[in-house]
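Please work from the sequences and hints to get the whole structure.
Read off the chains here:
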Amino acid sequence: MTHKAIFKPLLKGIVPIVPPIARGDSLVNKTGSWRYMRPVYRNKLPPCNHSCPANEDIQGYLSLIKQERFQQAWELIRRSNPFPAVLGRVCDHPCELACNRRRFDEAVAIHNVERFLGDYGLTLPGEGKIRDRRGEKIAVIGSGPAGLSCAYHLAKMGYPVTVFEALSVPGGMLAVGIPEYCLPKEVLAAEINAIERLGIDIQTNVAIGSKQSLDDLFGQGYKAIFIATGAHKSMKLGLSGEEKDEVVDALSFLREVNLGNRVSVGDKVAVIGENNVAVNAARVAIRLGAKYVSIICRQSKIDMPNRDEEVKVAEEEGVHIVYLAAPSNILGEGRVAGLECIRMRLAEADKGRGARLTPVKGSEFVIDVDTVITAVGRTPDLTLINHELKTSPQGTLVVDAGTLATNKPGIFAGGDVTGGRATVAWAIGAGKRASVSIDRYIKGERLEVFREKTPIASFKDLNLAYFQSSPGAQISRLPVADRIKGFAEVEGGFTESVAIEETERCFSCGVCNGCDNCWLVCPDVAISRKNGEYQVNYDYCKGCGLCEEECPRGAITMEEEAKWRR
Amino acid sequence: MTSLLAEKEKFVVPEEEYIYQGHTLCAGCSAALIIRYVLKVLGPKTICVVPACCFTLMSGRSTYGRDSQLTMPSGLRISILNCAFETAAVTASGVKAGLEAQGDYETTVLAVAGDGGTFDIGLQALSGAAERNDDIMYLCYDNEAYMNTGIQRSSATPDGCWTTTTPLPRPKQGAKKNIMEIMAAHKVPYAATATPAFPFDLMQKVSKAKQKRGTRFFHVLCPCPTGWRFSPEFSIKISRMAVESKVFPLYEIEDGEKYTITYSPRGVPVRQYLELQGRFRHLMTEQHIARIQENVDHHWERLVRQVQA
Amino acid sequence: MEKVISGNYAAAYGAKLARPKFIAFYPITPQTTIVEKLADFSSSGELEAKFIPVESEHSAMAACIGAANTGVRTFTATSSQGLALMHELLFWAAGARLPIVMSNVHRALAPPTNLGADQTDSFAQRDTGWIQLECESAQEVLDSILQAYRIAEEVMLPCMVCHDAFYLSHTYEPVDIPEAELVDSYLPPYVPPFKLDSENRLTFYASSTRCPATQYEFRYHAQQAMERVPAVLRKADEHFYELFGRRYGIVEEYYLDGAELVIVAAGTMVSTVRRVVEEFRQRGERVGLLRIRMFRPFPKEEIRHLLKGVPKVAVFDRNISLGEGGILSQSIKSALYHTDQKPVVFGFIVGLCGVDITQDIVGDIVDYTLQQDTPEEDIIWTEVIR
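Chains as they are written, first to last, in the numbering used here: chain A, 1 to 566; chain B, 567 to 875; chain C, 876 to 1261.
Keep in mind the hints are simulated off the structure, nothing from the lab.
Please note that the accuracy of each hint is not assured.
Straight-line Cα separation of at most 25 Å, DSS-like style, residue types lysine-lysine; simulated pairs [what the hints assert, rightly or not]:
(1) C:Lys1070 - B:Lys611
(2) A:Lys12 - C:Lys1175
(3) A:Lys137 - A:Lys443
Predicted model only: the values in this text are computed from it and were never measured.
Given below as structure tokens:
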């Protein structure tokens, strides 16, 4: 072992002054090595989007409206829904039920914003005819929301589409099931026109099955068929006296009214049912001059999820609702002279929606009515359709839940004809899903589409500290007296400023909207912004997790570093 | 409740950064955030005076580079002068006087000291500077104990708090020193509290203070993941809860007399603030919490009276 | 211009003439009249410095450090307890290589409280890295402050100029106060080799814990700067002589020719010793005097050279390092350790805490030393007349 000490010499001549002062910057310290968790920007699925049966990117268009980019917002919503003006009016908006804001103060009034956006879209020139890029003809049977949605998306893909409609007007339930005070005819017509303008051929008064069968359609060169004929057949009460002239089913009643045919009702109307069809029938009866209108409801509440307010609105208009009562007998020789009902009792064990109901013996009572409207359910009318298609015991077509394929190749079905949720949004969603399946079928691809599971942005993913409580915007309604005079639209829409204000309430759950908070809270200046996007500099990010914790909307995830993973 | 994101609209955060990446303050350190916000407002014509405290890490560590060149890899884009523990305020006074003697009246001299260096050992120098009303800015980032030496109690440590020198079963007894009242008693032109959870409030206050001359004092709560025993991602949440629970109200005092509360807290129970931190874990009996809540309410009411006076 | 002024006023005049840009002040007897006089200069406009009344000596030094870092000439003054309070910051000032000049009035450290002259206060700071000058007269106080800036700013180390309480601080003497213009030519404005400002980003004194070698290096360079001080002082002294006709040297030789006994002393007692030495010489006794003017860095070369072959040396310490003895005698002994023809060194503790050192005491010490071949004790105490 050798020793070598270096002796510093006594300095001669010019002696440098060496104070403990220096330059340098900490960029030399790659503090990223401290990290065992790394933040990554990973958007989650907003619950509204997740819950939308029409698969709308709700958060997306709310955000665009907030930025006053209406045109882009409209284009975005049309990617899933060709009926924003319609759906904004008639949807039961499960999105608002799912909205995280509901647990904070009030859900964002998405349907009203959608209506605003749809109405805005009607002022645009619209999309022009799409030049057919593909040769394969597609037939769509039924021009309701499912049929037209499917036709629209297929047309956008370049397929020539023919829509066959049995009735004299297109629109299905939208045209004949929903009263005008809720969905004005011109709004529906405008959106159908916009769809037609893409080059879709809608043939009305053509009931497939009566003159040409499904096989005939294939014979005519159609490569695939989408059945969306809806559920237009009312179910029966099963009581004697149901065949009387003054007893009508609600669907026929609404259809006749909507088609502009003369319909008259008596002074005293009882509507039997507990769904939105019943409520609509009652409100229409009022508008047709009935003096006393009651809804006989078996349950303790009307079954209209997320549209409770409409029950109140109906009551304002004079509709009386008799809860926990069921019709037991239609009275009268010849004409209807009254309705005998029996009280129902909720079984003690399970009160609530859908609770077991039992009639109370001896509690019969009579309501003085001269007209009875039944709204106790509806079912598809498949008499004209090829019977080789598999049907359920409920009389609906059986399809693959994901692809909407029936048991016969090339035939797909969706909307009310397949049963299920029976809402407009769901039908529109089904139409789009069918279009995707048909496209894949035509191209000979596997029908099933693999979709990556994106986690849903839950309420606890949010950092509520960044949000301020603010009540949702209210809409206006016509005064009752003006309403019941006719069929003018009851609800007013949002003005532009109100719509923008309402979109500002959106939490943008799980989706980065460029709020800068992550950038602001980084103690290591490791997050940079460029063109509205953020980047983590992993050379310096210490993985403290502040950006993730402080992200108001849960759009950042902390992931374990590979080197720490076992 | 004012939303932070709504406040953002009111104050444009300056783009420029005056702290470098790679500084060696702990992950999730509030002090780094505080200085980042403060310097964004003060800008490049600022000199930082730093006594012994965690923040000395900001000036890096002297080393010889490969070329035998001495470097001090500082985390700040401005000059830092390290000084003796108890001298932050007066060293800043000296620097300011030296600059003024050379005609530089513009540069802000900012002393950045911890609670030990402010409430305890540095109080005399701070009092001297405040009494002379020297034209300096003094920022106390209060992490409520001697953190750089490893969590020893200071006179800023709150009642009932665990530290290594107030070990269980006898945590710290007695309330923390009210440094803001001490500064108010000096009639300094501006004194304000702030936390990194309310960066716009903090930056607005710094901006306001920048317009003034004389001794300007900031008491900024600085939750310390290491010393307060919480996971670093909660630094800001805890700051926020301190404010919302009224444990650490946000206010300012002008000329020692004009009190203004700059944020109305929601008044969440103090328990919700305490239970986020390991240093209070032993405290979770109703009796303890009630006592702390009572003190918090008492101080809040006193503050409200001062605002009204 | 000649004025009859106290040693403290001489210090104040010296400071004023040096045109410092920053003065921190804090009162302590017997230093107070220095800062009072400076306050007068400041309020009359004769002194342009930023004049900051701090709240302690500790803060006075801290403020000087802050200001000196910005590259301005600074001054402060203190004494005894105040200097002890500054202790920590004396290391900061020297370690930071700041040419701060400070006047220290030697006063005893408590307890009990005592205002009398005693060198222990500044001698106890000998390891802090300051240059230390010991003055004998009011004139020397003034002149040394001007020289101190010249030296300090050349080697970038702080300098303390010390004088005794009351014997000098409050004793009036005729002092030549040089013309300001002439002083300006001797002491031009300070041009700092580094400075703290907001234009150039620099880091001052970042921790060296990770790389202690950096600080080892700083210490090496500070010592190298100390090594340069004697030559720099000599040059500054010569230039001073050219302009003002006065010089003091590093040490002063008085009747050293053929001396059999050399008294080594510093401070005001030197004047008393001079008289006694003259008396002994007149009697034919070969007694001489070596005055130490520069205590730090310690003038080892000069001492080895001048005391070589001298049979006996009597060191007068108005200070004591308890447990060791007189600080000056320790230093003398250690300086002589490697020389051949070592003198016998007698260490006397004299005049502590403001006790008078009379000609009688000095005479008795000389008699004693001349009679003794070797000291009876390592530390020799003198009889104090109460």
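Verification of the hints:
Between lysine 1070 of chain C and lysine 611 of chain B the alpha-carbon distance is near 15 Å, which keeps this suggested pair within the 25 Å criterion. At roughly 18 Å between alpha-carbon atoms, lysine 12 of chain A and lysine 1175 of chain C fall within 25 Å of each other, so this suggested pair holds. A C-alpha spacing of about 13 Å is found between lysine 137 of chain A and lysine 443 of chain A, which places the hinted pair at or below 25 Å, so the restraint holds.
Comparing the model with each earlier hint shows no violations; every hint is respected.
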